[in-house]
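**Student:** Sequence:
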Amino acid sequence: MIVFIVCQLHAQTILSATETTAIFTDSIKAKNGIKFPIRRTYSYSDKTGKYYLALSESIDSIAAGNDTLHYTIKGTCLQETREGLVKKWELNDHKRPDKDEESSIWFWTKFCEVKDLDGDGIAEPLIIYGSAGLNGTDDGRIKILLYYKGQKTAIRHQNSVMDGARITDIDASFYTLPLPIQQHIRKLIKTITDKGFAIFATDYEVKMNRKAVHIE
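The sequence shown begins at 1 in our numbering and counts up one residue at a time.
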């Protein structure tokens, strides 16, 4: 059974736990390989159809202070069709097994969003997640993913309290995105930096102006 939830065109709606359970039934989760608890579900519509985006995280351990540690994350985007829900894309990531000091990875839902960023009538999911190391997020990884017309563009960043260890890799496709989308993502980078979640190289903005794909 598909539950129809009305939402404004292009606007995201964050679904309640009850609404999420009604859409992502056990059979839908099994069919799409969703094995972890769903932390957040977005519903959105644009001129290409209606979609549901579920962000799920494994629950692997409870650390001091009752903090939940997540070793694996998964994002699943389904489109509503006459034949039922059809998977359009998914993302998978995990805490790095080669880095013992990396303790957890999770979606930064405060900054995730689904909007029509360039006014073309098609919504762009923008997903950000990160990991924690020995110094928390100060030496963790950050990944920003933008899905534009079905194609993924990524910005991968390694935080560090050491100047020479801050590394940012930007997909070349970022610089081919419509300017409003580029500006929106650069504003997001500044926001997470100002809020203390990210530490970028001091001249990263200058290098991005030059369309650099590797910054350190």
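Hints were generated in silico from the structure; no laboratory data involved.
Note that beta-carbon positions come from the ideal geometry of N, C-alpha and C, so glycine has one too.
Be aware that a few hints might be false.
What the hints assert, rightly or not - Computed list of lysine-lysine pairs in DSS-like fashion (alpha-carbon distance at most 30 angstroms, straight line): (1) K88 with K35; (2) K211 with K187; (3) K87 with K29; (4) K152 with K35; (5) K31 with K87; (6) K110 with K50; (7) K88 with K31; (8) K35 with K110.
What the hints assert, rightly or not - Label-pair distances were calculated between CB atoms; the ranges are: (9) A30 with T109: 18 to 26 angstroms; (10) K187 with G33: 30 to 38 angstroms; (11) T81 with E101: 29 to 37 angstroms; (12) T48 with D203: 18 to 26 angstroms.
**Student:** Hints first: check each against the structure and report whether it holds.
**Tutor:** Verification of the hints:
{"no.": "1", "hint": "K88 with K35", "in the structure": "holds, 18 angstroms"}
{"no.": "2", "hint": "K211 with K187", "in the structure": "holds, 16 angstroms"}
{"no.": "3", "hint": "K87 with K29", "in the structure": "holds, 11 angstroms"}
{"no.": "4", "hint": "K152 with K35", "in the structure": "holds, 23 angstroms"}
{"no.": "5", "hint": "K31 with K87", "in the structure": "holds, 10 angstroms"}
{"no.": "6", "hint": "K110 with K50", "in the structure": "holds, 23 angstroms"}
{"no.": "7", "hint": "K88 with K31", "in the structure": "holds, 13 angstroms"}
{"no.": "8", "hint": "K35 with K110", "in the structure": "holds, 23 angstroms"}
{"no.": "9", "hint": "A30 with T109: 18 to 26 angstroms", "in the structure": "holds, 24 angstroms"}
{"no.": "10", "hint": "K187 with G33: 30 to 38 angstroms", "in the structure": "holds, 34 angstroms"}
{"no.": "11", "hint": "T81 with E101: 29 to 37 angstroms", "in the structure": "violated, 44 angstroms"}
{"no.": "12", "hint": "T48 with D203: 18 to 26 angstroms", "in the structure": "violated, 39 angstroms"}
Hints 11 and 12 from the earlier list are contradicted by this structure; the remaining hints agree with it.
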